[in-house]
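The chain contents come next:
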Amino acid sequence: MAGITIDDVERSARVRAVTDNFFFWQGRRFIALGPVLIMAGFAANAHLGEWLRNVLLFAAIVVSLSVSALIGRRYRAEFGSVRPIPGAHATRSRLKWLLVYPAMLGSLALDLLYAPILPFFLSGFVWTVGLVLYRKSTGAGRVHYLTLAACLAGLGLAPLAIAITSRDMVSVMLLVLGAGYTAAVLLDDDEMREVLRGA
Amino acid sequence: MDQTPFAELAAVDRLVHEPSRLAILSALLACAEADFRYLLTVTGLTKGNLSSHLSKLEAGGLVAVEKGFAGKIPWTRARLTTDGRARVEAHWRDLERIRGKARRWR
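So the protein lines, in turn, are chains P and R.
Just so you know, my numbering puts 167 at position 167 of the first sequence, and the rest follows in order with no gaps.
Just so you know, my numbering puts 59 at position 59 of the second sequence, and the rest follows in order with no gaps.
Incorrect hints may have been included.
Partial list, computed: chain P residues near chain R (C-beta under 8 angstroms) [unchecked claim]:
(1) V9
(2) S12
(3) L196
(4) R197
Some chain R residues flagged as far from chain P (calculated, every beta-carbon gap over 10 angstroms) [stated by the list, open to error]:
(5) A32
(6) R37
(7) N49
(8) S51
(9) E58
(10) G71
(11) T81
(12) T82
(13) A90
(14) L95
It is worth saying that the hints were derived from the structure and are not from the lab.
Where a beta carbon is used, it is the ideal one built from N, C-alpha and C, also for glycine.
Based on the provided sequences and hints, a complete structural model is requested.
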């Protein structure tokens with residue numbers, strides 16, 4: 001019988017974490033979301049009618065979901081599939097929908113509505129926390145999310161250093177987040193392959 | 001110390017305490033069930049070797065294997081039995097305890 005080494009145990013622990021959060025580690029599934037965020041960032045400042053802007057964003061989201069489903073099929077063919085344990089992440093889901101997402105949307109609303117009053121960019125800090133929680137609650141690893149979170153925290157301080165309102169910072173954050181998220185999901189994919197295949 | 005910290009666990013549950021089987025069981029512990037392809041991915045085994053490990057785990061009462069067809073395409077899914085889940089969870093509790101010890105030993 002082959003003996004077990006520390007490395008075997010560490011790898012099995014990572015396999016366990018990735019399997020538990022397999023959907024979230026399939027980075028390329030979310031690849032279209034980055035361009036959607038970038039587009040939202042540009043659309044926020046573009047001279048488009050509100051109706052056209054909404055239609056464009058809605059179309060981009062539909063395309064993004066379709067791309068995600070197609071890429072999901074390719075992941076299934078390449079890696080196989082797992083069925084999650086029902087209710088295993090009920091607390092995470094509750095916190096996400098009742099606390100984290102409302103806080104992220106609320107901070108955006110405050111930044112847009114109270115731009116002249118806030119001396120800093122609130123969304124930068126709130127979205128930093130959201131990103132750190134996302135990483136921790138979906139199996140940790142993926143240190144690139146900490147880098148992206150640090151960038152967002154930096155954006156939170158930007159209005160203190162340069163003459164820019166928190167309203168304008170919303171567009172900047174969407175552009176930075178879109179570019180950073182695109183890189184992050186590609187790195188997610190790399191890390192998932194490394195963990196599952198033990199490369 | 002003349003043996004690794006994990007050697008003491010080998011006596012606890014020899015069926016679980018083998019690298020490929022630990023990877024299979026760790027993956028199954030984190031989900032309700034996994035298909036054969038996923039287990040091939042996480043173990044890097046050949047189909048024959050994976051089947052052999054699954055048979056041993058099934059014979060030991062840790063894993064239940066289900067086979068069927070989707071049209072003309074065969075599929076195989078594996079899941080932990082209730083007893084298997086309890087045993088693998090207990091084994092992981094021991095592993096976690098010894099992981100700390102192993103880091104110091106390393």
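Right, here's what the structure says about each hint:
1. V9: holds, 6 angstroms
2. S12: Where the cut-off is 8 angstroms and the nearest Cβ of chain R is about 4 angstroms from P/S12, the hint holds.
3. L196: holds, 5 angstroms
4. R197: Holds - the Cβ of P/R197 comes within 8 angstroms of chain R, reaching about 7 angstroms at its closest.
5. A32: violated, 4 angstroms
6. R37: Label violated. Min Cβ-Cβ 3 angstroms, cutoff 10 angstroms.
7. N49: holds, 12 angstroms
8. S51: Label holds. Min Cβ-Cβ 15 angstroms, cutoff 10 angstroms.
9. E58: holds, 18 angstroms
10. G71: holds, 15 angstroms
11. T81: Non-interface label stands for R/T81: nearest chain P Cβ at 14 angstroms, farther than 10 angstroms.
12. T82: The claim holds: R/T82 sits with its nearest Cβ about 13 angstroms from chain P, beyond 10 angstroms.
13. A90: holds, 15 angstroms
14. L95: Label violated. Min Cβ-Cβ 6 angstroms, cutoff 10 angstroms.
Of the hints listed earlier, those the structure fails to meet are numbers 5, 6, 14, in rising order.
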